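Trainee: Turn these sequences into a full structure, and let the hints steer you where they fit.
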Amino acid sequence: MTNPYVLATLFFYTASLALYIWNLREPSRVAGIGATACLLVALGLHYMALLERSRLIHAVPYDDLFGSLSLFAWLLAATYLVLEAIHRRQAVGPFVLPIVLIVFLLAHASEARPIKAPPAQGPLFAFHVTLNILAYSAFAISFVLSVIFLLQYRRLRDHKLGSVGWRFPPLDVLERMTRSSVLIGCGSLAAGMTAGFIWAHRLQGRYWDGDPKVIITILILAVYVGYTLLARTAAWRGARASALCIFNFMFVIFSYSIVNRYLSHFHRYF
Amino acid sequence: MEIVLIGLNHRTATVELRERVAFSVEQACEAADQLRSRGILEETLVLSTCNRSELYGVPRELATDSTGAVELFLASFHQLPAAELNRSLYRHRDRGAVHHLFRVAAGLDSMLLGEAEILGQVREAYRIALDHGATGPVLNRMFQGALEVGKRVRNETEIGTRPVSVAFAGVKLAERIFGRMDNHRALIVGAGATSEQVVRHLCDRGIKQLRVLNRTEEHAVDLAGRFGGEVIPWENLTAALEWPDLIVTSVSSAEPILTRAAIERAMARRGNRALLMIDLGVPRNVAAGVADLYNTYLYNIDDLTEIVEQNKKARESEIPRAEVIIEEQIEKFMHWQAGVETGAVLGDLRMKLTAEREVFLRERLSSMSSLSERDRAQVAALLEEFVDRVVLNPVERLRGIPELRRKLQNLESLRDFFHLDREKP
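Order-wise, the sequence lines are chains X and R. Heads up: the first sequence runs through residues 1 to 270, numbered per this note's numbering. Heads up: the second sequence runs through residues 1 to 425, numbered per this note's numbering.
Read the hints as simulated data drawn from the structure, not as lab findings. These numbers were taken from a predicted model, which means no experiment stands behind them. Errors might be hidden in some of the hints.
[What the hints assert, rightly or not] In silico EDC-like cross-links for lysine to aspartate or glutamate, where the CA-CA straight-line distance does not exceed 16 Å:
#1 K160(X) to D302(R)
#2 K160(X) to D303(R)
#3 K172(R) to D172(X)
#4 K160(X) to E306(R)
#5 K160(X) to E309(R)
#6 K313(R) to E26(X)
[As the list claims (entries may be wrong)] If you want the footprint, here are the derived chain X segments under chain R, 3+ residues with CB under 8 Å:
#7 122-129
#8 132-141
#9 236-243
#10 254-263
We put the CB at the ideal spot given by N, CA and C, even for glycine.
Mentor: Have a look at this one:
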C-alpha cells in the first residue's frame, strides 16, 4: 500500500468518517461541511488510483480482488454522496463510511497481483462490470439504511430515542432513501446484466451459458424487485420491508463471495 | 469608552416589580432621550421583555459613578423608591456587560434555557434604538456582536433544538417519524388548552390538514376556526381514525376512548401506514395494548414528560459549548473596542504633536534668516515625518499588548501624560 493516491485516499476517507461521527455526536456546520468535503476529495483521489490502474490494463479495474473491491468501495461512496445530496441528510454517513473504509482496506491490504490485461475488454464489458458493481453498492447502501431504520423504529417504539435518535433522519425519509437506492440498484443491475448478455452473445454466440453467477444475479434482481413491490403494501410497509431489505443483501454477499470464488466459471471478482 | 449595564430579570425580581420596570417602545425612546439630554449617557439601549428590563449605555464622561446615575434615573423614571429597586438590580461594566448581553442573546440567561424568542427581542430592541438614533458606534457593534452570538449558538450547538415542552415534544416526535409535516394529517381529539398548544406547534411546522373532534362541538369549532381545521362530529370518532397520520388526544374520560380493536380496524383500513398517537389525557385516552400494533407509535403524558426532562439535561450539557462561542465573540468585540480607543488616543497625540511642531518651527526658524524658503520647507517636512514615526511606532506597539485592560489603562495614562483632551472618538 505504497501508492500515494491510495494513502491519500485512505487519509481522506478516515477524516471524512471522523467528521461524520463528530457531526452525529455534536452537530456543527463545520464538521458537516468538512465531512462532505473530505469525502469528495477522497472520491477524487480514489478515482485517480483506479484510473492509474485502468490505464495500465486498458480496461475497468475488475480482474482481481483489488480492482473489484476498490471499485465497489468507490461506487459505494459515490452512491452515498448522491443520496446525501438528494435527501440532504448526513446522519447516515457514519454508517456507510466504515463499510467504504473496510472494503477499501481489504482491497489494498495485500499487494495487488501483477497487472495484466484481462481476457475480456471493451466498452460494453466495462459497462457490464461497472453497472453491476454500482448495483451492489446501491444495495449495500439500502442495507445500511434498513439497519438504521430498524434501530430507529425500535427506539421510537420503546420511547428510548436518546441523543442520537433525535439526529437520525425521520423514518419516512429513511424509507424513501432505501427505496431510492434499491431502485438505483435494480436499474443498474438490469442494465448491467443486459450489457453482459449482449457481450456474451458477441463473444460466444449465445446469451445464456448457465453460469451460477448469472443465476444468482437474476435471483438478486428478483428479490429486490420483490422488495420494491412489497415495500408499499399494507402488510410489509415499514419495519418488515426493512427486514426484507436486510435479508436480500445476504444474497448479494453470497454472490460476491461464495459464488464468485467457488461456483462461477468466469465471473471472478464482480 | 466605558460600557454600563443595569437591569433586573426573572431571577432577581418578582413579576410585580418586573411589570413596574417594564418599558414600552415609547418609554424606551423617551428614556434614551432623557439619559442623553441629561448628560448621563452618550449611547443608550433599552431591552425590555416580560422577563427582563435592561439598560445598556456608554457614559459621556469617564465618571466614577455612571451606574449610580443610571440607577437613580431608572428609579425616578418609573417612580419607584431607589432602595426598593436597587435590591433587585444587577450591575455590569465593560467586559461584564458584554458577557451578560451575549449570554442573553444566546438564550443562556432565559427562564427556558436556549429559547429562541429572546434573540428576536434583542434584534427588535436594537432596531428601535438604532432607528431612534440612541445608539452609537459602541452599542451598535456590541449588539451586532450579540446577534451574531445568538445565531452562532443556535447553529453550532443543540441548545435550542430539542423540545422542552410536552406539546412541542409530541410534534418533534411526529417529525422523527414523518419528516416534514406539511403533507401529513392530524386529528385532534379534545379542544382544551393542551390540544391548542399542540395545534399551534403543528401549524408552526406547516401542517395543513387538520381535523378536530370534541364532545362540546362549539369548542371544536372555535379551535378549528382559529387554526384552519375541519370539525368532525364526536359520533364519527371511530370512522375518523382512518384518515390521520397523527392523533392527539386530550379529553376527560374514565375509560380509554380509543380501544385496541378500533385502532386495529383503522390500521387495516389505512393500509398499515404509520400512525403516531399522542395521548395527553389523564386518565389515558388510548388503550395501552394499542402500542403493540404494527406500525403504531403511542406516547402518553409520562413518556413525553420523560423526554422533556432528558432534553432539559441535554440543553444544559450544551452550555459549555455556547460559552466558548460567547468568549470568542467577546474577544472579537474587545479587540475592536481597543482598536477604536487606540486610534482615538493616537489621533489626539498626532494633532497635539502637529500643533507643537508648528509653534516650534515658528519660534526656531524665525531666528535663522540664512535659510531659504526651500530649506524651511524641507525642515518642516522632516519634522512632519518625524512626528509620523513617533506616532506610528506606538500604534504598532499598543496593538501588540495582549491584555486588553492594561492596554486601555496605558491609553488613559498616555492621555494624562501628554495632556490630551478626554474627548471620546
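Trainee: State for each hint whether it applies.
Mentor: Status of each hint after checking the structure:
1. For a cut-off of 16 Å, the pair hint linking K160(X) to D302(R) stands: about 13 Å separates their Cα positions.
2. A distance of roughly 10 Å separates the Cα atoms of K160(X) and D303(R); the hinted pair therefore holds under the 16 Å criterion.
3. Among the hinted pairs, K172(R) with D172(X) is consistent with the structure: their alpha-carbon atoms are about 14 Å apart, no more than 16 Å.
4. For a cut-off of 16 Å, the pair hint linking K160(X) to E306(R) stands: about 10 Å separates their Cα positions.
5. For the given pair, K160(X) sits about 13 Å from E309(R) by alpha-carbon distance, which is consistent with the 16 Å threshold.
6. Restraint check for K313(R) and E26(X): satisfied, since their Cα atoms lie roughly 15 Å apart, inside the 16 Å limit.
7. Coverage of the stretch 122-129 of chain X by chain R is violated in this model, with 0 residues showing a Cβ closer than 8 Å to a Cβ of that chain against a need of three.
8. Counting residues of the stretch 132-141 of chain X whose C-beta lies closer than 8 Å to any C-beta of chain R gives 0; at least three are required, and the coverage claim is violated.
9. Chain R is given as covering the stretch 236-243 of chain X, and this holds because 4 residues of the stretch bring a CB closer than 8 Å to a CB of that chain, at least three being needed.
10. Judged by the Cβ-Cβ criterion of 8 Å, the stretch 254-263 of chain X is not covered by chain R as claimed, because only 0 of its residues qualify and three are needed.
The earlier numbered hints that this structure contradicts are 7, 8, 10.
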